[in-house]
Amino acid sequence: MSLIKHYVRISGQQPIDSGHPTTYNVCLDGQMLVSNAPADTLLADLYKGHIGDYPKFYKMDPLCKAGFIASELLLNAEGRRREQWGESRGVVLFNAASSLADDRNYQATIDDPETSFPSPSLFVYTLPNVLTGEIAIRNHFYGETNFIVLPTLDSEAMASAIEMTFSDGSLQSLVTGWVDCYSESQYDVLMLIVERDAIGHRDELSDEIKRLAN
Amino acid sequence: MEELILKLKNEIIEVLNLEDIKPEDIDENAPLFGEGLALDSIDALELIVLMEKNYGIKIKDPNEGKDIFKSVAVMADYISKNRTK
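If you're matching them up, the sequences are chains A and B in order. Going by my numbering, the first sequence opens with residue 1, and the numbers climb by one from there. Going by my numbering, the second sequence opens with residue 1001, and the numbers climb by one from there.
What the hints contain is simulated information worked out from the structure, not anything from laboratory work.
Derived DSSO-like pairs (lysine-lysine); straight-line CA-CA distance at most 30 Å:
(1) K1066/B <-> K1085/B
(2) K48/A <-> K1007/B
(3) K1060/B <-> K59/A
(4) K56/A <-> K1007/B
(5) K56/A <-> K1058/B
(6) K1085/B <-> K59/A
(7) K56/A <-> K1066/B
(8) K56/A <-> K1060/B
(9) K1022/B <-> K56/A
Only chain A is shown next, with the shape it has when bound in the complex (with noise of 0.2 Å):
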């Protein structure tokens, strides 16, 4: 039996630094959802035509309008009440670029001394555990939340950390997995939901995170 009980799948055909323009396909639980979709657009549609009522979504950074979308896909092919877990459920993610695409944005208003206007709306982004905190927030998740930085997508340290996060004894579900955003039009996304029954086997965990990463 799978460790991971949903996942959902962000992926671009070019590596996500590549820095060409790019097409994505979305995956949910092995059903492929959207192919060849432009990255400029992708999110947005996705957001109108699966989720919609959440005018916040078009405020979100890039990072978080990658990580909400995801997540709402998730949660909603898991089908079940969001409100139901409280304490027993947390959120944590992972990246390389941390909340790269927005401290970019955000230095752009600063970058001349002449005509600086730092940009609340956009400071507010720069650190990229504000995600976890958007997802925690919108589905009163009361669990353990983290957002940790790695080199690259490195299935074992995100097995371990997994692992580890369920030490503390009341979580019984996490919403995890890598989030990872340039810019506007390049993200890498694979959120899963993984439960208690992942204590104790961080190899196979780490072998499907792999697996799905690919």
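Starting from the known structure of chain A, arrange chain B on it as the hints suggest.
Same frame as chain A, now just chain B:
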């Protein structure tokens, strides 16, 4: 004043990322916070930046914002009396 109100509505839509909202959807006399557009504290900070950037008005005390940002009409009136740009 109508021209300034329309300009202000467009600027608010742009800086606050109010997707799918057009100027004609905004009642210039409706509250900006709490109800109406239901803006939040970060939006308030963006409006303070907008006032300085576009109109040369520095709001030194954020508490002043409660009165200035009551509605688009009140904002426009304040801008017309205090702008330096």
